[in-house]
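Protein chains: 4
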Amino acid sequence: MASTTMQMLETYPAEIELDRRMLAEVIDALKDCAQTCTACADACLSEPVEELQNLTRCIRDNLDCAEICTTTASVLSRHTGYDANLTHAQVQSAIQATKTCGDSCDEHRDTHEHCRICAETCRSTEQALNGLLPHLEPSGKGAQRPGRAAPQQGR
Amino acid sequence: MASTTMQMLETYPAEIELDRRMLAEVIDALKDCAQTCTACADACLSEPVEELQNLTRCIRDNLDCAEICTTTASVLSRHTGYDANLTHAQVQSAIQATKTCGDSCDEHRDTHEHCRICAETCRSTEQALNGLLPHLEPSGKGAQRPGRAAPQQGR
Amino acid sequence: MASTTMQMLETYPAEIELDRRMLAEVIDALKDCAQTCTACADACLSEPVEELQNLTRCIRDNLDCAEICTTTASVLSRHTGYDANLTHAQVQSAIQATKTCGDSCDEHRDTHEHCRICAETCRSTEQALNGLLPHLEPSGKGAQRPGRAAPQQGR
Amino acid sequence: MASTTMQMLETYPAEIELDRRMLAEVIDALKDCAQTCTACADACLSEPVEELQNLTRCIRDNLDCAEICTTTASVLSRHTGYDANLTHAQVQSAIQATKTCGDSCDEHRDTHEHCRICAETCRSTEQALNGLLPHLEPSGKGAQRPGRAAPQQGR
Numbered sequence: 001m002a003s004t005t006m007q008m009l010e011t012y013p014a015e016i017e018l019d020r021r022m023l024a025e026v027i028d029a030l031k032d033c034a035q036t037c038t039a040c041a042d043a044c045l046s047e048p049v050e051e052l053q054n055l056t057r058c059i060r061d062n063l064d065c066a067e068i069c070t071t072t073a074s075v076l077s078r079h080t081g082y083d084a085n086l087t088h089a090q091v092q093s094a095i096q097a098t099k100t101c102g103d104s105c106d107e108h109r110d111t112h113e114h115c116r117i118c119a120e121t122c123r124s125t126e127q128a129l130n131g132l133l134p135h136l137e138p139s140g141k142g143a144q145r146p147g148r149a150a151p152q153q154g155r
Numbered sequence: 001m002a003s004t005t006m007q008m009l010e011t012y013p014a015e016i017e018l019d020r021r022m023l024a025e026v027i028d029a030l031k032d033c034a035q036t037c038t039a040c041a042d043a044c045l046s047e048p049v050e051e052l053q054n055l056t057r058c059i060r061d062n063l064d065c066a067e068i069c070t071t072t073a074s075v076l077s078r079h080t081g082y083d084a085n086l087t088h089a090q091v092q093s094a095i096q097a098t099k100t101c102g103d104s105c106d107e108h109r110d111t112h113e114h115c116r117i118c119a120e121t122c123r124s125t126e127q128a129l130n131g132l133l134p135h136l137e138p139s140g141k142g143a144q145r146p147g148r149a150a151p152q153q154g155r
Numbered sequence: 001m002a003s004t005t006m007q008m009l010e011t012y013p014a015e016i017e018l019d020r021r022m023l024a025e026v027i028d029a030l031k032d033c034a035q036t037c038t039a040c041a042d043a044c045l046s047e048p049v050e051e052l053q054n055l056t057r058c059i060r061d062n063l064d065c066a067e068i069c070t071t072t073a074s075v076l077s078r079h080t081g082y083d084a085n086l087t088h089a090q091v092q093s094a095i096q097a098t099k100t101c102g103d104s105c106d107e108h109r110d111t112h113e114h115c116r117i118c119a120e121t122c123r124s125t126e127q128a129l130n131g132l133l134p135h136l137e138p139s140g141k142g143a144q145r146p147g148r149a150a151p152q153q154g155r
Numbered sequence: 001m002a003s004t005t006m007q008m009l010e011t012y013p014a015e016i017e018l019d020r021r022m023l024a025e026v027i028d029a030l031k032d033c034a035q036t037c038t039a040c041a042d043a044c045l046s047e048p049v050e051e052l053q054n055l056t057r058c059i060r061d062n063l064d065c066a067e068i069c070t071t072t073a074s075v076l077s078r079h080t081g082y083d084a085n086l087t088h089a090q091v092q093s094a095i096q097a098t099k100t101c102g103d104s105c106d107e108h109r110d111t112h113e114h115c116r117i118c119a120e121t122c123r124s125t126e127q128a129l130n131g132l133l134p135h136l137e138p139s140g141k142g143a144q145r146p147g148r149a150a151p152q153q154g155r
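Protein chains in written order, with UniProt numbering: chain W, 1 to 155; chain F, 1 to 155; chain A, 1 to 155; chain S, 1 to 155.
Calculated from the structure, these hints are not laboratory results. Misleading hints may appear alongside valid ones.
Partial pick of chain W residues on the chain S-facing surface, computed with a CB cut under 10 Å [as the list claims (entries may be wrong)]: (1) R60; (2) D64; (3) T71; (4) S74; (5) V75; (6) N85; (7) V91; (8) S93; (9) I95; (10) Q96; (11) K99; (12) T100; (13) Q127; (14) N130.
Here are the in silico distance ranges between beta carbons for each label pair [claimed, not checked]: (15) E51/A - T111/W: 14 to 24 Å; (16) P134/W - E15/S: 38 to 48 Å; (17) P138/A - E51/S: 29 to 39 Å; (18) P138/W - P134/A: 47 to 57 Å.
If you want a taste of the chain F side facing chain A, the calculated C-beta under 10 Å gives, among others [claimed, not checked]: (19) R21; (20) R78; (21) A89.
Values in this document were obtained by computation on a predicted structure and should not be read as measured data. Glycine included, each C-beta is placed from N, C-alpha and C at the ideal position.
Okay, chain W solo, but in the shape it has when bound (with noise of 0.2 Å):
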């Protein structure tokens, strides 16, 4: 089934200050991580008893990226009122908790085929973050607008 995110971006109403093809990449990716985290908090929960003791930190950095990257998207899919400030700072933290995930997952991927997969997903999401970050940039061509919050558009 493919991704609507990029038909919905399309029909929006209004303009979006970002490349729209762009953000449509960063979502669809971080839809992915979360599940992905999701599934491997789970699959790790499922590993026997021996394997288990040395997974804990792993589920619970899984547990915070799936969370994490899901609010990350809910935010990149608004952009009435858009606020720079606001969507940056969440995107750093999802940047943050995709390195951190994807090291926690790095060091099983020997062991766990589930943990090499989330580690690769949370390494390309961490990318595709990175290269969405300058473009949300307050001062940059993402956002003119100042930390505190505009007027209403509609006035």
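Fit chains F, A and S to the given chain W structure using the hints.
For chains F, A and S alone, coordinates are given in the frame of chain W:
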């Protein structure tokens, strides 16, 4: 970017009581539907005010459907200590949410392209969920588990 | 810090078809249950390995219950274009999730204080949800709305 | 209903590198702020159309802030394999989200009581988060952990 949902299911280290291909399709449909509903709510908010006043119920249904689909995708991504009753109840809620939101968006499909896409995404997700539901019945082949939590597997 | 749930319900600018006091209590119970389940899953992960192996199902139920309670609290916090069918289905899922998780945690109440607290929180949340459920029946006083999305109020 | 956040922290079976009382207060503030923002977005949607057109940015900020606060509360509820960098980044995002949303709601405080309550909830949550932030610094007393995920505790 291809979804890694199926790869994660293939590397799950224990048994899964459901057909993995069907499960992957439902999870991917739910992820896509959640994003589409989040985007549709925001697109509605960007419509001119004479449209906006007719879209408040649609926005609310979009927000509910987005959250319910995300949660249902997570529940379906966890197989350790699988509980058919819990999964069944959450899938039923997702069927209702995609139906309600599909109906709401469908009323605006001729006026708003984002509502048309969202209505169709809700419909196909509802259909995928309805295909999965019989396999989740506590009395069906999908689960022999009683309503009360079964003892831990490790015992 | 006192919850502002009741204050927000009192300042809602339109009618709410449910008793606001009962609604506030259920929403607050769900929020508390979600946090307790998230914390219990993590506390389980910190137990010594000989305990951990018996807690994997409990962790999974905690994670499901946390997400379902959070989503249900959001659904119950939205009244614009209230849809009884959707709300009813999600509340039923939360009743099942708090029952399943309450059962799972209850098995460990003598060994783990965090499981005892979590079991009791799940039980009282389940009870609050069961008290609300009859008021959400499409045929009850809580809603006269049919299954299909009603036309927009603004029309 | 009293929150069980502090009880859960008291029964956590391992060390927590942060002051438990401060942590409980921040988690409870975040939960309350998330619910308030969800409710404020919905209250805005119920305003008459001449008001609604000025509230679209406020609704968007409410939705972002609600999701970010929920995710931050979850991250702060997990202590197993604590990672200061990840926690720090997500708390910074929550500080920005409560600031942005507080600013947006503050613009409508004289017209809409729900916006006034929400603005004040955002401000007090932002303050609580700012009080926690220094304790999360990787170089501070809150954490000596490097940016890269530390080896598993079980090793």
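These are the hints, each one checked on the structure:
For R60/W, the suggested interface contact is upheld, since its CB lies about 5 Å from the closest CB of chain S, less than 10 Å. The restraint placing D64/W at the interface with chain S holds, with a minimum CB-CB distance near 5 Å, inside the 10 Å limit. Because the closest C-beta pair between T71/W and chain S is about 4 Å apart, less than 10 Å, the hint holds. A hinted interface residue such as S74/W counts as satisfied when its beta carbon comes closer than 10 Å to some beta carbon of chain S; here the least separation is about 5 Å, so the hint holds.
Hint on V75/W holds. Least Cβ distance to chain S is approximately 5 Å, under the 10 Å limit. Interface restraint check: N85/W against chain S, minimum CB-CB distance 5 Å, threshold 10 Å, status holds. Residue-level restraint check for V91/W holds (minimum Cβ-Cβ distance to chain S is 9 Å; threshold 10 Å). Interface hint status for S93/W: upheld, as the beta-carbon distance to the closest one in chain S is roughly 4 Å, under 10 Å.
Evaluation of the I95/W hint against chain S yields a held restraint, the C-beta minimum of about 8 Å falling below 10 Å. The beta carbon of Q96/W is positioned within 10 Å of a beta carbon in chain S (closest approach about 4 Å), and the interface hint is therefore held. At about 8 Å, the closest approach between the beta carbon of K99/W and any beta carbon in chain S falls short of 10 Å, and the interface hint on this residue holds. The interface hint given for T100/W is met, as the beta carbon of that residue sits about 5 Å from the closest beta carbon of chain S, less than 10 Å.
With a least beta-carbon distance of about 17 Å to chain S, the hint placing Q127/W at the interface is violated under the 10 Å criterion. At its closest, the beta carbon of N130/W sits 14 Å from a beta carbon of chain S; the interface hint therefore is violated under the 10 Å criterion. As the Cβ distance of E51/A to T111/W is approximately 23 Å, the hint placing it in 14 to 24 Å holds. A hinted range of 38 to 48 Å for the beta carbons of P134/W and E15/S is consistent with their spacing of about 39 Å.
Take P138/A and E51/S: their Cβ atoms lie about 31 Å apart, and the range 29 to 39 Å holds. Checked against the hint of 47 to 57 Å, the C-beta distance between P138/W and P134/A comes to roughly 51 Å, which is consistent with it. Hint status for R21/F relative to chain A: violated, with the closest Cβ pair at about 23 Å, above 10 Å. Hint on R78/F holds. Least Cβ distance to chain A is approximately 5 Å, under the 10 Å limit.
At its closest, the beta carbon of A89/F sits 4 Å from a beta carbon of chain A; the interface hint therefore holds under the 10 Å criterion.
Hints 13, 14 and 19, counting from the list given before, are not met by this structure.
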